[in-house]
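Letter by letter, the chains look like this.
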Amino acid sequence: MENGGAAGKIVGLVVVLVVACALPFAMSGFRVFQFTQVYIYAIALLGLNILTGYNGQISLGHGAFYAIGAYTTAIMIDKWNIGYGWTIPTAGILCLVVGFLFGRPALRLEGLYLALATFSLALAVPQILKYFEHWTGGSQGIVLSKPKAPWRLPLSEDQWLYFLTLVILIVLFVLAQNLLRSRTGRAIVAIRDNHIAAEAMGINSALYKSVVFGVSAAYTGVAGALSGIAIAFVAPDSFNIFLSITLLTGIVIGGLATISGAIFGALFIQFVPNWAQEISKAAPWAIFGIFLIVFMYVMPHGIAGFLRLAWIRMTRSAVTGRKAAGEARS
Amino acid sequence: MNRPKRFLALLVALGVVALAGVGGVAAQTVVGVTATEIKIGNTNPYSGPASAYGTIGKALGAYFKKVNDEGGINGRKINYISLDDQYSPPKTVEMIRRLVEQDQVAFVFQPLGTPPNSAIHKYMNEKKVPQLFVATGATKWNDPKNFPWTMGFQPNYQTEGRIYAAYILKNVPDAKVGILYQNDDYGKDYLKGFEDGLGEAAKKVVVLKQSYEVTDPTIDSQIVNLKNSGANVFFNITIPKFAVQAIKKANDIGWKPLHFLNNVSSSLGTVLKPAGLEASKGLITALYMKEITDPQWKNDKGFLDWVTWMKKYYPEGALDDQSNAYAYNVAILVTHVLKQCGNDLSRENIMKQAASVKNLELPLLLPGIKVNTGPADFAPVEQEQLAKFNGEIWATFGEIIDASKK
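Residue numbers (numbering that gives the first Met the number 0), protein chains in the order written: chain F, 0 to 329; chain V, 0 to 405.
Note that these hints are calculated values from the structure, not bench results. Beta carbons: idealized from backbone N, C-alpha and C, even for Gly. Fair warning: there could be bad hints in the mix.
Stated by the list, open to error - Calculated lysine-lysine pairs in the DSSO-like style (CA-CA distance at most 27 Å, straight line):
no.	chain 1	residue 1	chain 2	residue 2
1	F	Lys280	V	Lys311
2	V	Lys226	V	Lys202
3	F	Lys147	V	Lys126
4	V	Lys57	F	Lys280
5	V	Lys272	V	Lys240
6	V	Lys357	V	Lys64
7	V	Lys38	V	Lys351
8	V	Lys310	V	Lys76
9	V	Lys127	F	Lys145
10	F	Lys280	V	Lys64
11	V	Lys144	F	Lys147
12	V	Lys121	F	Lys78
13	V	Lys191	F	Lys78
14	V	Lys280	V	Lys169
15	V	Lys191	V	Lys387
16	V	Lys121	F	Lys147
17	V	Lys121	F	Lys145
18	F	Lys145	V	Lys126
19	F	Lys147	V	Lys127
20	V	Lys310	V	Lys57
21	V	Lys64	V	Lys300
22	V	Lys121	V	Lys191
23	F	Lys145	V	Lys144
24	V	Lys310	F	Lys280
25	V	Lys38	F	Lys280
26	F	Lys145	V	Lys139
27	F	Lys78	V	Lys139
28	V	Lys76	F	Lys280
29	V	Lys191	V	Lys203
30	V	Lys297	V	Lys280
31	F	Lys78	V	Lys144
32	V	Lys65	F	Lys280
What the hints assert, rightly or not - Computed far set for chain F versus chain V, every beta-carbon distance over 12 Å:
no.	residue
33	Val15
34	Val18
35	Ile74
36	Tyr112
37	Leu115
38	Leu154
39	Val173
40	Ala186
Next up, chain F with everything else stripped away, as it sits in the complex (with noise of 0.2 Å):
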């Protein structure tokens, strides 16, 4: 049985590549970059997820360092014409380091009080952005170019971008994945569940809380440099409150503490405010809001929780089916 769920697993990860390596070429421009999009969504995602819900941090802040990832991006494009390629890790390890130092007051707080410090963060980033005008072009923000597909490969810059995002997408997650699964993810997920029994068996709590948050903002980093180059353009008015808010929804309705939520999450709030607005133009997010508390009221542990649950249910009704087949036969 074991094994069987494994193999089911690899083969559903195929199938699932096999179709996002496909989408490109079967679909138009706009919904490429819509795919890529979600991509993005999903990595920032990740990011807030691995903080929130493996370690328990509530942030409502995360667009802070999507927002320093993407201008990190546009200044080093447009100031100091680097090429794209080399400033998405440099808007990770920014975020990364500034994450850490943000992180290490922040120890001091916990839940709400920790959520209305980082929600400060995302207030102030877009005033903050605005005050360096020499360098971020003010309100008027920073206009960039799309990149090319490189070594004349046959893409559009669409497929390239989303085939660029897909493959930075798949190296984080099976790096987050391999973090989780290690003797330092259980640490995390220790502290979150109940963290003075933690430091009693020897963790370092300070140290990890902080390390967490730098990793999670260097994902968001990433994530918002993507979307500078995807967008093709930053301003302060991307950023704003709102932005930080999807991100925490996202991960509450792909599910919490799932490596694979983020990609739920993500779809979720990519299309669901689309689909709202083609219901009623009048009230978006009234509608917006019924499909979250639907969502929330039929899926409590979200989509993958909701997913896992059918899975297992599935499962253990075939092999329920199967041994009252084989004693009907005895």
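Mind docking chain V on chain F? Use the hints.
Relative to the frame of chain F, chain V by itself:
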């Protein structure tokens, strides 16, 4: 078939091929237009921080409904698709790409806001899709050389700033100017136009500049600082909420400078009345539209037509919201352009006709102000007139100032 005939046949055949080739080169891109329909795309902030402007997008739709009820344009009905972008540039890019690539609109009309339009500026010009009459007062939309597919609409903020500067240089010999501005592109555009207009004198004349953030609760302390600076001229670059506070506060603390109020906040209904008509006496602004809350227009034909239309097609819209008058003007302008296109509704021709509007009067522009565009002039409305508030109405004075003639 003898030889000459065969030769002739060959020539004719070649000619046909050549003609076809020429035809191919000159072929125009017609997208979003059928025998019965013209598809127009738009983005507006129906939700989010700037949703107060969303009424413009709704009013545009209401005007097209009127056009359709009256038989459309050359027999074609307008199919107006307006999407919510929340004033968020990434969302604007997504929505505009949907309109252009999926809905296949003929052109994009009146997307709102400077950052959202900046985000799609390059894209529209690469795709060669008209980005017509954008709803922002930034200066960069009038750049036909580099961006031949983008056109602005209203007079830009810099122009208006320059008009005030010229007035001060000419009429206020001992000017000491205090400035209050919103700390974003809108405020800074005004500031730049104003300081450019003052030129060399700016350093001497401007005694204090104060700024505020759009999220600030109040600007009282800035006003006090400006008073204490000894300024006798006040250039007030604020949106309505803060304009009310500024006028009130200046009056309360007994500061009576020559007060220039930017056009953005010139509404009687939403600014001057709440601030107090007595306190507002003597304000100077530059106008290009009729202020719909100004009683001097209550029997004006343009105004009455607008009210009739509002009541029939957009009854839920506010009759004291200048945005609805703005939308009415620009919707009439685009309808005019489409009529002028005749049966050639290619994107090239739409752009060409938009750039050949001559002396068009719109019902809610000030008398004498006309829309003019040309191949090198992508700024449709460039005239303004100064007006002084006399306690009841905005009384225009002086000549109509034409920014394009400078």
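Structure-based check of all given hints:
1. Lys280(F) with Lys311(V): Holds - the C-alpha atoms of Lys311(V) and Lys280(F) are around 20 Å apart, at most 27 Å.
2. Lys226(V) with Lys202(V): Status holds; Cα separation ~19 Å.
3. Lys147(F) with Lys126(V): 16 Å, holds
4. Lys57(V) with Lys280(F): Within the cut-off at roughly 10 Å; holds.
5. Lys272(V) with Lys240(V): With Cα atoms ~12 Å apart, Lys272(V) and Lys240(V) stay inside 27 Å; holds.
6. Lys357(V) with Lys64(V): Status holds; Cα separation ~26 Å.
7. Lys38(V) with Lys351(V): The hint holds at about 18 Å.
8. Lys310(V) with Lys76(V): Given pair Lys310(V), Lys76(V) holds - Cα atoms ~22 Å apart, limit 27 Å.
9. Lys127(V) with Lys145(F): With Cα atoms ~16 Å apart, Lys127(V) and Lys145(F) stay inside 27 Å; holds.
10. Lys280(F) with Lys64(V): Measuring from Cα to Cα gives roughly 17 Å; hence the hint holds.
11. Lys144(V) with Lys147(F): Roughly 24 Å separates the two Cα atoms, so the pair holds.
12. Lys121(V) with Lys78(F): Since the Cα atoms of Lys121(V) and Lys78(F) sit roughly 19 Å apart, the hinted pair holds (cutoff 27 Å).
13. Lys191(V) with Lys78(F): 23 Å, holds
14. Lys280(V) with Lys169(V): 22 Å, holds
15. Lys191(V) with Lys387(V): 23 Å, holds
16. Lys121(V) with Lys147(F): 15 Å, holds
17. Lys121(V) with Lys145(F): 10 Å, holds
18. Lys145(F) with Lys126(V): 13 Å, holds
19. Lys147(F) with Lys127(V): 19 Å, holds
20. Lys310(V) with Lys57(V): 14 Å, holds
21. Lys64(V) with Lys300(V): 21 Å, holds
22. Lys121(V) with Lys191(V): Status holds; Cα separation ~25 Å.
23. Lys145(F) with Lys144(V): 21 Å, holds
24. Lys310(V) with Lys280(F): Between Lys310(V) and Lys280(F) the Cα gap is close to 21 Å, so the pair holds against 27 Å.
25. Lys38(V) with Lys280(F): 18 Å, holds
26. Lys145(F) with Lys139(V): 21 Å, holds
27. Lys78(F) with Lys139(V): 20 Å, holds
28. Lys76(V) with Lys280(F): 21 Å, holds
29. Lys191(V) with Lys203(V): 16 Å, holds
30. Lys297(V) with Lys280(V): Holds: Lys297(V) and Lys280(V) sit about 21 Å apart, inside 27 Å.
31. Lys78(F) with Lys144(V): 24 Å, holds
32. Lys65(V) with Lys280(F): 20 Å, holds
33. Val15: 24 Å, holds
34. Val18: 21 Å, holds
35. Ile74: 16 Å, holds
36. Tyr112: Consistent with the label, Tyr112(F) stays out of reach of chain V, its closest Cβ about 23 Å off (over 12 Å).
37. Leu115: Non-interface label on Leu115(F) holds, nearest chain V Cβ at 17 Å vs cutoff 12 Å.
38. Leu154: Holds, since 17 Å exceeds 12 Å.
39. Val173: Consistent with the label, Val173(F) stays out of reach of chain V, its closest Cβ about 27 Å off (over 12 Å).
40. Ala186: 36 Å, holds
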